[in-house]
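Trainee: Note that the protein sequences, when read in sequence, are chains L and F. Per the numbering used here, the first sequence starts with residue 43, numbered consecutively. Per the numbering used here, the second sequence starts with residue -12, numbered consecutively.
If you are wondering where the hints come from, they were derived from the structure by calculation, not from laboratory data. Bear in mind that the values here come from a model prediction, so they are computed numbers and not experimental data. Note that CB positions come from ideal geometry on N, CA and C, so glycine has one too. Hints should not be assumed to be uniformly reliable.
[To be verified] Listing some non-contacts, in silico: residues in chain F with all C-beta distances to chain L over 10 angstroms:
id: 1; residue: 26
id: 2; residue: 41
id: 3; residue: 48
id: 4; residue: 49
id: 5; residue: 81
id: 6; residue: 82
id: 7; residue: 152
id: 8; residue: 250
id: 9; residue: 360
id: 10; residue: 361
id: 11; residue: 392
[As the list claims (entries may be wrong)] Label pairs and their calculated CB-CB ranges:
id: 12; chain 1: L; residue 1: 356; chain 2: F; residue 2: 212; range: 35 to 43 angstroms
id: 13; chain 1: F; residue 1: 63; chain 2: L; residue 2: 253; range: 34 to 42 angstroms
id: 14; chain 1: F; residue 1: 65; chain 2: L; residue 2: 280; range: 15 to 23 angstroms
id: 15; chain 1: F; residue 1: 150; chain 2: L; residue 2: 274; range: 36 to 44 angstroms
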Amino acid sequence: MLMTNRGSARYVLSMAAALALSLVGSLAKDIKLLNVSYDPTRELYEEFNVAFTRYWKEKTSDAITVQQSHGGSGKQARAVIDGLAADVVTLALAYDIDAIAEKSKLLPTDWQKRLPNNSSPYTSTIVFLVRGGNPKGIKDWDDLVKPGVSVITPNPKTSGGARWNYLAAWGYALKKNGNDEAKAKEFVQKLFKNVPVLDAGARGARTTFVQRGIGDVLIAWENEAIMAIKESSKGQFELIAPSISILAEPPVTVVDKVAQKRGTEATAKAYLAYLYSETGQEIVARHFYRPRLESVVQKYASQFARVKLFTIDELFGGWQKAQKAHFNDGGVFDQISQANR
Amino acid sequence: MNLPLNEKRKVKLPPWAVAAAVIGSPWVSTFHLLADGTTDTLESLKQQIQQLDQKVRVLERNRELDNEAADDKTNDVPKITLDQKGFSFTSADGNFSISLKGILQFDSRTFFKDGGIQGNDGFLLRRARPIIAGTVLRDFDFLFVPDFGGTSGSAIQDAYLNYRFQPELQFQFGKFKSPVGLELLQSDPDTYFNERALPTDLVPNRDIGAELHGDLFDGSASYAAGVFNGQGDARNSSNADFEDDKEFAGRLFLRPLMKSNLSALQGFGFGAGGSYGDSSTANALPATTGGTTPGYVTDGQQQFFSYRNTVVASGRHWRVSPQGSYYYGPFGLLGEYVIAAQQVQTNTLNTAALKNTAWQITGSWVLTGEDASYKSVVPAHPFDPSAGHWGAVQLVARYARLDIDRDAFPSFADPTASARSASAWSVGLNWYLNRNVLVKTSFSRTTFSGGGGAGATAPAIVIRQPENVLFTRVQLAF
Chain L
43 MLMTNRGSAR YVLSMAAALA LSLVGSLAKD IKLLNVSYDP TRELYEEFNV AFTRYWKEKT
103 SDAITVQQSH GGSGKQARAV IDGLAADVVT LALAYDIDAI AEKSKLLPTD WQKRLPNNSS
163 PYTSTIVFLV RGGNPKGIKD WDDLVKPGVS VITPNPKTSG GARWNYLAAW GYALKKNGND
223 EAKAKEFVQK LFKNVPVLDA GARGARTTFV QRGIGDVLIA WENEAIMAIK ESSKGQFELI
283 APSISILAEP PVTVVDKVAQ KRGTEATAKA YLAYLYSETG QEIVARHFYR PRLESVVQKY
343 ASQFARVKLF TIDELFGGWQ KAQKAHFNDG GVFDQISQAN R
Chain F
-12 MNLPLNEKRK VKLPPWAVAA AVIGSPWVST FHLLADGTTD TLESLKQQIQ QLDQKVRVLE
48 RNRELDNEAA DDKTNDVPKI TLDQKGFSFT SADGNFSISL KGILQFDSRT FFKDGGIQGN
108 DGFLLRRARP IIAGTVLRDF DFLFVPDFGG TSGSAIQDAY LNYRFQPELQ FQFGKFKSPV
168 GLELLQSDPD TYFNERALPT DLVPNRDIGA ELHGDLFDGS ASYAAGVFNG QGDARNSSNA
228 DFEDDKEFAG RLFLRPLMKS NLSALQGFGF GAGGSYGDSS TANALPATTG GTTPGYVTDG
288 QQQFFSYRNT VVASGRHWRV SPQGSYYYGP FGLLGEYVIA AQQVQTNTLN TAALKNTAWQ
348 ITGSWVLTGE DASYKSVVPA HPFDPSAGHW GAVQLVARYA RLDIDRDAFP SFADPTASAR
408 SASAWSVGLN WYLNRNVLVK TSFSRTTFSG GGGAGATAPA IVIRQPENVL FTRVQLAF
């Protein structure tokens, strides 16, 4: 009888322990993050999200589901301003995040100081993608303004990538013409006269060029151009690096008020910090973005073209000034579009 | 054929060949010329075709982009929805919405061997509620529910504003259910029987106040805590207070295994609700005179207990209700226990702290295999005879008991007019034709002890014999 009682006691204790463990297990959280990003980062964040989910589960036992939203960078920023509850934004350019900070007050205006490298964990640049054999003989920016050359680039009004393309062309013309703004404007106007289709985002422009077979040259993010070549049959496309281009720094940040409200702030911060880790930087490089971490930079150096790069601060005085002068309503791009009609 | 020139001279051609050569040579030259011209023409045509091809592709792509832009604009248009959840308007950004919903319950009650009570058999429009629900500025929800059904005239059932700061932290203000009783908090169209069980007699119904509430750990726990005007047992608040004292009410409910891998335990939940306040008026007691509502009533909504009309509430009033539920596949179980304590006083200043208790256990089984839950059963195959679909059928059974404190008799309650305890068992069958239409029938038998004398007031006749009542209901809810 005594043994029976002890056995029963053990059984009850073990059941209680199992229940307690279940209770503890049930305290592990299921967290959902929404990353609102720009067009070409789909594949990058698909792989990165898997890696981070695994890392975070091991570290905290919390299960994470990261949802992705992609589109033209400007369009995505507007969606967040209009109420899309993004925990983090990983957009094509700082101006779009500035707009979120200013218009929605969801994050502080000095957000860019919160993470290393101006909150840009990776960079890229702008290159040309041409058809196999380069039938139009395109070598540099000057070839894009020749009559009969069809150029594909998205709409700078909606696409961050397009704004980088535009400013890269403008920067080339400025440097070639001794900082003559009028000649730069004339050059970019000629270039856009050769653009038959204006997609809303970089991925759409790639579709236009690669899948719809339109145009002789696609002005593209370097990572998009390399990926298009890798995904196509051999010799179908070629990457042409221009003599000079722009250093594109796509930034990332936590959308503070959304993350605080959803209780995801700590996870969202860790998510972005993980982009700077060796694992994150390896994933970045595997998707043909230029990493920041020196060891990864060295490892993947051979996959990136050697291009002379200028920054937006050097030639345009930063995104705010560039946006105001070129892309706001009535700005230079609108003037060019009007003149080309 | 390349031959040395001298050899060529030695060749003698027949006359017909010479003639042919003479006649044919201009044509050969012409053919050569034509061939050169054709090559150029073909090249030119090829270029034109390529240019045309590019133009067509550009036109097609631009049309594609125009369509995408048009779709985007469509997304900016407010949405109007009419479906099984009602009629709703939602702004394009989702920040504003308004829904029109409703509940209509058409009942019948048939009492057997009821001692000749008049007016209790018959048809009844139990609930007739248009519901207006909505959201403003994304985080502010509102609900307005008037009721034109029942026996006590039209009234506002719910009218509140809820601010969702986070799912875990919400603030609600207005008139709504006080967070105490498990079955009482179940939505009216979702209850298994036409009428709630005896424990609902002891908990507050709707009250006016402010409440902090939320769901924690993705719904594994929920809590509510608020301050209210304070209501008597089973009472519904009027639109104003009747005394200065306030009542505090709260509830914590846990579903700790909701996310475990043990599916048989995921539907297990338990918790407790309670209230505390001071009351010093007869309005804080159940009805003091005869009639059918409110007060402590049977399943058939007939009053079986009331305080003497000389008794008033005179102090502390608290309730505690441990409660739990379990759902696994088609099986469902719901149980609760309530202690309701009230300080009372007679006009002769005789006082007592009375503790009334009640409990219930309700089981259900969905015969057609759908999942049981705290909410209504959703038929896997909505009623459609032509397709051989008949909806879902649920078997329900319940036992409940309510005991009045012995000290209530005889000073505070008349033993000839009120019973000291009531026990009720019920069985029923619910037929869910679809998400919106439900037909149910049930039978309840309530027995009484400790009362049943020949009093002059209405309750006495109710408790002279067991109550046997057959319910039916046709319900529309959306």
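Trainee: Now, for every hint given, state plainly whether the structure supports it.
Mentor: Quick rundown of the hints versus the structure:
Against the 10 angstroms criterion, residue 26(F) stays outside the reach of chain L, whose nearest CB is about 19 angstroms from its own CB. Listed as a non-interface residue, residue 41(F) fails to keep its Cβ farther than 10 angstroms from every Cβ of chain L; the least gap is roughly 6 angstroms. Distance check for residue 48(F) against chain L: the nearest CB is about 5 angstroms away, which does not clear 10 angstroms, and the non-interface claim fails. For residue 49(F), the requirement that its beta carbon stay farther than 10 angstroms from each beta carbon of chain L is not met, with the minimum near 6 angstroms.
Against chain L, the non-interface label of residue 81(F) is violated: not every CB pair exceeds 10 angstroms, the least being about 7 angstroms. For residue 82(F), the non-interface assignment is contradicted: its Cβ lies about 6 angstroms from the closest Cβ of chain L, within the 10 angstroms cut-off. At roughly 7 angstroms from the closest C-beta of chain L, the C-beta of residue 152(F) falls inside 10 angstroms, breaking its exclusion from the interface. With a least CB separation of 13 angstroms from chain L, residue 250(F) remains clear of the 10 angstroms interface cut-off, as annotated.
For residue 360(F), the condition that its CB be more than 10 angstroms from all CB atoms of chain L holds, with the nearest at approximately 19 angstroms. Residue-level check passed: residue 361(F) sits 19 angstroms from the nearest beta carbon of chain L, beyond 10 angstroms. The beta carbon of residue 392(F) sits about 36 angstroms from the closest Cβ of chain L, which is more than 10 angstroms, so the claim that it is off the interface holds. Checked against the hint of 35 to 43 angstroms, the pair residue 356(L) and residue 212(F) fails, with Cβ atoms roughly 59 angstroms apart.
Distance hint for residue 63(F) and residue 253(L): a CB-CB separation of about 28 angstroms, inconsistent with the stated range 34 to 42 angstroms. Residue 65(F) and residue 280(L) have their C-beta atoms about 49 angstroms apart, which leaves the hinted 15 to 23 angstroms range violated. Checked against the hint of 36 to 44 angstroms, the C-beta distance between residue 150(F) and residue 274(L) comes to roughly 54 angstroms, which is inconsistent with it.
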